[in-house]
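2 protein chains.
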Amino acid sequence: MTTSALPIDHSGLEMLPMQECIARLHAARMGRLAFFSDGYPMILPINHGMDGDSVVFRTTIGSKLAAAENEMPVAYEVDGIDADRRAGWSVLVRGDARTVDNPGEVERLNHLGVWPFADAVPRTHWVRISTYEITGRKIVHQR
Amino acid sequence: MTTSALPIDHSGLEMLPMQECIARLHAARMGRLAFFSDGYPMILPINHGMDGDSVVFRTTIGSKLAAAENEMPVAYEVDGIDADRRAGWSVLVRGDARTVDNPGEVERLNHLGVWPFADAVPRTHWVRISTYEITGRKIVHQR
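For the record, the sequence lines run as chains A and B.
Per the working numbering, residue 1 is the first one in the first sequence, and the count goes up by one each step.
Per the working numbering, residue 1 is the first one in the second sequence, and the count goes up by one each step.
In short, the hints are calculated from the structure, not lab data.
Do not rely on the hints blindly, as some may be mistaken.
[Claimed, not checked] To spell it out: a stretch of chain B is covered by chain A in this simulated footprint if at least three of its residues, at any positions, have a beta carbon under 8 Å from a beta carbon of chain A; those stretches are:
no.: 1; region: 8 to 17
no.: 2; region: 40 to 47
[As the list claims (entries may be wrong)] Counterexamples of contact, computed for chain A against chain B with all Cβ distances above 10 Å:
no.: 3; residue: Ala23
no.: 4; residue: Ala75
no.: 5; residue: Asp119
Cβ atoms here follow ideal geometry from the backbone N, Cα and C, with glycine treated the same way.
Could you put the whole structure together from the sequences, leaning on the hints where they help?
As structure tokens, this is what we get:
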């Protein structure tokens, strides 16, 4: 039996409260972005920042920017996995990607301290995920 | 200047050879699966195994199984991120999800040693990713 007070989903995972999901997004520096490209989903690891409760990230010309310019549906996932303890949690943001074009807003985001690890090519464009849903799950082991 | 002998993509990432991508898939125990659900991409962390060069995973009734039953396009990503060194790599498999229904095949996969960390609910169904493309990227820092 689990002693958790949180609801459990159909697959036996504990559902995290929304505020905890947002706190975990704020604490994380990187995650994985999924979007459609050529009829297939694509997943790319990126570094993100939080502008209030919304996920923002820098990008350069390419498939991520194209997704944003077309305001395509995207998903963004952050997680923490502890393989030794077979433990883990994940938070999933679903929404639409939007380019940030307003110069004042760009200037503000430039001060968020988001510096992609991949820095060989300058990532001068900002994308915001206009959030539709935030959910989180955590593995619980029954003893 | 980078001293890498591997090709560099438009975003300044080193492209990993296919055999190295497959080796990294074999070495990894978990990754993230993306697929479409309700018009938005979904990303879920899962534990996978390799059956030859194809990715297989266990699941239970739910959105992942529904994606496989409908032979939907999926993406599967494994990565290794070292935040302190701002380093990282990722491998991306794109393909179609297929349920594994043949009893002999199921029996064989049952012996791969794939035990999901999330084990509160038995994950008795196997899904195979019928691969369309495998690519890998690595961050290179120019000094």
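**OP:** May I ask which of the numbered hints given earlier this structure violates, with the numbers listed in increasing order?
**Re:** 4 and 5
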